[in-house]
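S.K.: The two chains are supplied separately, each in an independent frame; assemble them into the complex guided by the hints.
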Amino acid sequence: MTAALAACGTEGGDWATTHVAGTFPPLELTLTGESGQPLTAADLRGQVVLLYFGYTYCPDVCPVTLGKLKAALTQLDEARRSEVTVLFVSVDPQRDAPRRLRTYTSGFGQRFVGATSEDLDRLRELTSRYASSFSHGEPNTDGDYLVTHSSSVYVFDEEGRARLLVRPDDTPQAIARDLRRLL
Amino acid sequence: MMRAHIRAAAVLSALLLFPLAGLAADNLKITDVWARATPPGAPASAAYFRVTTDGPGDKLVGVSSPVAGKAMLHRSVESDGQVSMEHVHDVPLSADNPIVFRPRGYHVMLMQLRRPLEAGKEFPMTLTFEKAGDVEVTVTVKPLGTTMEDMQHGRGGHGD
Chain L
1 MTAALAACGT EGGDWATTHV AGTFPPLELT LTGESGQPLT AADLRGQVVL LYFGYTYCPD
61 VCPVTLGKLK AALTQLDEAR RSEVTVLFVS VDPQRDAPRR LRTYTSGFGQ RFVGATSEDL
121 DRLRELTSRY ASSFSHGEPN TDGDYLVTHS SSVYVFDEEG RARLLVRPDD TPQAIARDLR
181 RLL
Chain Y
1001 MMRAHIRAAA VLSALLLFPL AGLAADNLKI TDVWARATPP GAPASAAYFR VTTDGPGDKL
1061 VGVSSPVAGK AMLHRSVESD GQVSMEHVHD VPLSADNPIV FRPRGYHVML MQLRRPLEAG
1121 KEFPMTLTFE KAGDVEVTVT VKPLGTTMED MQHGRGGHGD
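The listed protein sequences derive, respectively, from chains L and Y. Under this note's numbering, the first residue of the first sequence is numbered 1, with each subsequent residue one higher. Under this note's numbering, the first residue of the second sequence is numbered 1001, with each subsequent residue one higher.
For reference, chain Y alone in the conformation it holds in the complex (with noise of 0.2 Å):
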């Protein structure tokens, strides 16, 4: 009976809230979404994908995922023959300016994996947008030595 209530409410607050993250999250395009596999015993990952839409602005906030315990905006960050790493707050989206997650630049750092990440495998991942709320993404990973370039092409699943 509790169990019933709390379905139930649960349900109710679904539909309270998600009509209007629907509507802004319907206007978003989410493609080109995978990670990197991890190498063997390596603790961490990075996730890549594009955005953009053709509604109103937006921004990324957050990003989580079950296969990692900790999950953050990141962006690397090359200058001087030297590169570095910095935690990003949040990522603006516009019809003029999709977002573009790929390596060497913007990425997900996917720290305290609970498992490694095997070529070929797919896991969830949510992003979450300022106005649209949560969009949950399937993320592909890729093998190790994948490229944007070979992404572009449509040869992201080869390697050795």
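Excised from the complex, chain L in its bound form (with noise of 0.2 Å):
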């Protein structure tokens, strides 16, 4: 309880997470949605989008990341949680395809979408749009590679203006609260 209290940001108000509007263009995106149809921002309006960069063959950092908004999530309630979409974007499209995508994020709720692009310099575009990027390690003798990617969760409002910048050591408490705030 004091850590959430604690974590109340000073920027923009009282917001627990961080503040971010005015600093990332709106939500624009034109990949391949999970099902293996396009998938473009105004498919998402109405929505709170949450946007996450990540691929499935990642152990750690990825499901630490969707388990954490899955129980953000879950403390919404259902009429709320319904309004709010998480975008898990792989930019490992090698390795990932949508329908591995939508295996995947079913683990995590309904809520939960997946989507990629064959064409990479489309996913650099919309991770440097929000002032990120990702890379690919060289394969190792298996094949195996790693990928780098942004840690954070960017959040978008029902007409797709960014909102918020979810953080790794962000609660599940704050960014409940946040959304609710947001919805």
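Take these hints with a grain of salt, some might be off.
Simulated restraints, written as ranges between beta carbons of each label pair [to be verified]: (1) L:ALA21 to Y:GLU1118: 37 to 43 Å; (2) L:TYR145 to Y:ASP1134: 25 to 31 Å; (3) L:THR74 to Y:ASP1080: 28 to 34 Å; (4) Y:GLU1118 to L:ALA41: 33 to 39 Å; (5) Y:VAL1061 to L:PRO25: 45 to 51 Å; (6) Y:PRO1124 to L:GLY137: 25 to 31 Å; (7) Y:GLU1122 to L:PRO26: 44 to 50 Å; (8) Y:VAL1100 to L:GLU83: 35 to 41 Å; (9) L:TYR145 to Y:SER1094: 32 to 38 Å; (10) Y:PRO1124 to L:THR30: 44 to 50 Å; (11) Y:GLU1086 to L:ALA21: 30 to 36 Å; (12) L:SER82 to Y:GLY1120: 25 to 31 Å; (13) L:PRO139 to Y:HIS1089: 17 to 23 Å.
Because the hints were derived from the structure by calculation, they are not lab data. Each residue gets a CB set at the ideal place from its N, CA and C atoms; glycine is no exception.
M.R.: Below, the structure written as structure tokens:
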């Protein structure tokens, strides 16, 4: 409880996570959704979108982050929860086909959807839009390689405006509180 | 007959080798051993634990488990809003510096999983120390969303 109170940001009033309104451009993307169909920002209009870049081979940070978002969403009532979409964008399209992403995100709940693009430049453009990037390490003898990606989650409101940045140390309680305020 | 010989040889070498390793291993205390249930279709997972010693310094140098075709010592590193993983060759241990594997830090990367890790199940894992040799531990699989805080407060078995 003390930690949750101490986590109150001073920037932009009493947001518990980081308030970034005006810092980042609105949500704009053209990807392949987990069903294999194109996915654009227009498809997500009316939803609060939590955008996270990762990959399914990621054993630690990605499931930790998605698990935390899941914990935050379970703290919302059902009506509010139905207005939130967690968009997990894989920056590892070579290994993460849409079908794999659909299976993977289903493990976190209905509000989680996956997307990617076979066009790495398109993914680069998208991450750089939000002042981030990603890179693939050299494959080892088994062909396995590591991926460097953003550690933050970008939160967009129902009109697609960038509003918050969820950092690795933010708690599910802090995230849930800010989402209630946005919804 | 042949088989009996091999068994006898194995017992003999165990008697010869293990007392030494056993002595060093007796000083080690390995607790909070858990792994995260794999999200559906995920090819990899991570295992965590804590090692303390009241004996001489040692080093964790390797890991293996029958559930994974390959297991490695890894560390997640966060800086400047980016996160990456790096392979770690060894992790030092002393009475003053316990080994702590936890989410977003040191972890065992379990790759080429033979089957998904299901919450509530257990599996064996062998930690190899430079002096103490191989120490087998039992890993408990915790649900997706389990945090280190859950583990410390004994809530690791719950989740939805």
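S.K.: Mind checking the hinted window 32 to 38 Å against the Cβ distance between TYR145 (chain L) and SER1094 (chain Y)?
M.R.: About 34 Å separates the Cβ atoms of TYR145 (chain L) and SER1094 (chain Y), which means 32 to 38 Å holds.
S.K.: Taking the CB of PRO1124 (chain Y) and the CB of GLY137 (chain L), does the distance hold inside 25 to 31 Å?
M.R.: Holds, at about 30 Å.
S.K.: If you check the beta carbons of SER82 (chain L) and GLY1120 (chain Y), does the distance land in 25 to 31 Å?
M.R.: 29 Å, holds
S.K.: Is the distance from the Cβ of VAL1061 (chain Y) to the Cβ of PRO25 (chain L) consistent with 45 to 51 Å?
M.R.: 48 Å, holds
S.K.: Between GLU1118 (chain Y) and ALA41 (chain L), does the beta-carbon spacing fit 33 to 39 Å?
M.R.: Because 37 Å falls inside the window, the suggested range holds.
S.K.: CB of THR74 (chain L) to CB of ASP1080 (chain Y), is that within 28 to 34 Å?
M.R.: Once the Cβ atoms are compared, 31 Å apart, the range 28 to 34 Å for ASP1080 (chain Y) and THR74 (chain L) holds.
S.K.: So does PRO1124 (chain Y) sit 44 to 50 Å from THR30 (chain L), Cβ to Cβ?
M.R.: With a Cβ separation near 47 Å, PRO1124 (chain Y) and THR30 (chain L) satisfy 44 to 50 Å, so the hint holds.
S.K.: Taking 44 to 50 Å as the stated bounds, is the beta-carbon spacing between GLU1122 (chain Y) and PRO26 (chain L) within them?
M.R.: 48 Å, holds
S.K.: Hint says 37 to 43 Å; check whether the CB-CB distance for ALA21 (chain L) and GLU1118 (chain Y) agrees.
M.R.: About 42 Å separates the Cβ atoms of ALA21 (chain L) and GLU1118 (chain Y), which means 37 to 43 Å holds.
S.K.: Using the C-beta atoms of GLU1086 (chain Y) and ALA21 (chain L), is the stated range 30 to 36 Å upheld?
M.R.: 35 Å, holds
S.K.: Given the hint of 25 to 31 Å, check if TYR145 (chain L) and ASP1134 (chain Y) actually sit that far apart at their C-beta atoms.
M.R.: 29 Å, holds
S.K.: A range of 17 to 23 Å was offered for this pair. Does it hold for the Cβ distance of PRO139 (chain L) and HIS1089 (chain Y)?
M.R.: 19 Å, holds
When the structure is compared with the earlier hints, no violation turns up for any of them.
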